[in-house]
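Asks: All chains, full assembly: derive it from the sequences and hints.
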Amino acid sequence: MQKITPFLWFSTQAEEAMNFYTSIFPDSKVVSIKRYPDGPLEGPMAGMEGKVLTGVFELAGQRFMALDGGPIFRFTPAISFFVSCETAAEVDEMWGKLSDGGSVLMPLQQYPFSEKFGWLEDKYGLSWQLFVGTNAQKITPFLTFVGERYGKAEEAMNLYTSLFENSPIELIQRAGADENGRTGLVAWAAFRLYGQGFMVADSPLEHAFTFTEAISFYVDCESQAEVDRLWDALSAHPEAEQCGWLKDRYGVSWQIIPAVVSEMMNDPDPEKAKRGMDAMLQMKKIDIRALQEAVYGQKQPTE
-8 MQKITPFLWF
2 STQAEEAMNF
12 YTSIFPDSKV
22 VSIKRYPDGP
32 LEGPMAGMEG
42 KVLTGVFELA
52 GQRFMALDGG
62 PIFRFTPAIS
72 FFVSCETAAE
82 VDEMWGKLSD
92 GGSVLMPLQQ
102 YPFSEKFGWL
112 EDKYGLSWQL
122 FVGTNAQKIT
132 PFLTFVGERY
142 GKAEEAMNLY
152 TSLFENSPIE
162 LIQRAGADEN
172 GRTGLVAWAA
182 FRLYGQGFMV
192 ADSPLEHAFT
202 FTEAISFYVD
212 CESQAEVDRL
222 WDALSAHPEA
232 EQCGWLKDRY
242 GVSWQIIPAV
252 VSEMMNDPDP
262 EKAKRGMDAM
272 LQMKKIDIRA
282 LQEAVYGQKQ
292 PTE
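Per the numbering used here, residue -8 is the first one in the sequence shown, and the count goes up by one each step.
Be aware that a few hints might be false.
Simulated crosslink set (SDA-like; lysine to any residue; CA at most 25 Å straight-line) [to be verified]:
1. 25 - 204
2. 129 - 224
3. 114 - 100
4. -6 - 131
5. 129 - 168
6. 25 - 116
7. 129 - 179
Estimated spans, in silico, between C-beta atoms of each pair [claimed, not checked]:
8. 258 - 223: 26 to 34 Å
9. 127 - 166: 23 to 31 Å
10. 288 - 146: 28 to 36 Å
11. 104 - 260: 50 to 58 Å
12. 232 - 261: 38 to 46 Å
Derived from the structure by calculation, the hints contain no laboratory data. Backbone N, C-alpha and C define an ideal beta-carbon position, used for all residues, glycine too.
Replies: Now the structure itself:
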């Protein structure tokens, strides 16, 4: 089972976007959609009646998640998705569909590292890098470290691979000297977390973007001990902690969620599911036992 899932925050277009992406990639489908209640809703959820609270979909057999959260966060190219294509024709076809209504970040053309490559933002603002080349994983999250985080890609990669099992660093391509004479930074690197592919790079260019909560990484945890360990190692911004979400020292957002949360949130008894949601909304780090007590109304045994 996929341990870490990219989680996409849309304003109100999550369902439309999921249908759009699954129409483009092979071996893709919308797995499930949990919606906001009919309401009327108040506070930050006002106007979200019937929208996507949690959507699960697959692209090329890889799991993604999405929600409608309102216009709070925006996608940026700091996290993009690197797509491996077998042929130039496949790149052209995907480029034509993904670029419709979007914008070009790097033109689609030949580069020293690929016979055809291009980088774009689609009509929802999500960034994609398309290239001709072989890769065991069709779609790979690509983190670009810019601005005050420039030069931190290798440090971040070392931290992440230290926290998860089956997490080797597979390749580091180092850059030459930058304009300040710094050498040895990461032009690009590939690594795995729980066997899943990720990529990172340092960019010395002046960029008007950085990491945001619009893309986070949802970690499916087996126990409270695992939640505690990852939370303590990753969380670096207390003000960003909410409902299992955290932001690490590099500005990358994670959701550290025990597997039992899904069971409780989808309890067939709507009153129990509501109690679970209400309790979770009051939490920062998820407390499994407190959540179980809120849902089932009784003390639970210590794990």
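Asks: Each of the hints needs a verdict: does it hold here or not?
Replies: Against the structure, the hints:
Distance hint between residue 25 and residue 204 is fulfilled; the C-alpha atoms sit about 21 Å from each other, no more than 25 Å. About 29 Å separates the Cα atoms of residue 129 and residue 224, which puts this hinted pair outside 25 Å; it is violated. Simply put, residue 114 and residue 100 have alpha-carbon atoms about 21 Å apart, close enough for the 25 Å limit, and the pair holds. For the suggested pair residue -6 and residue 131, the alpha carbons sit about 14 Å apart, so the restraint of at most 25 Å is met.
About 32 Å separates the Cα atoms of residue 129 and residue 168, which puts this hinted pair outside 25 Å; it is violated. About 23 Å separates the Cα atoms of residue 25 and residue 116, which keeps this hinted pair within 25 Å; it holds. About 17 Å separates the Cα atoms of residue 129 and residue 179, which keeps this hinted pair within 25 Å; it holds. A beta carbon spacing of about 29 Å between residue 258 and residue 223 agrees with the range 26 to 34 Å that was offered as a hint.
Between residue 127 and residue 166 the C-beta distance comes to about 25 Å, which sits within the given range of 23 to 31 Å. Taking 28 to 36 Å as the suggested C-beta distance range, the pair residue 288 and residue 146 does not conform, at roughly 46 Å. At about 54 Å, the CB distance of residue 104 to residue 260 agrees with the hint of 50 to 58 Å. The hint said 38 to 46 Å for the Cβ distance between residue 232 and residue 261, and at roughly 28 Å that hint is violated.
Hints 2, 5, 10, 12 from the list above are not met by this structure, while the remaining hints are.
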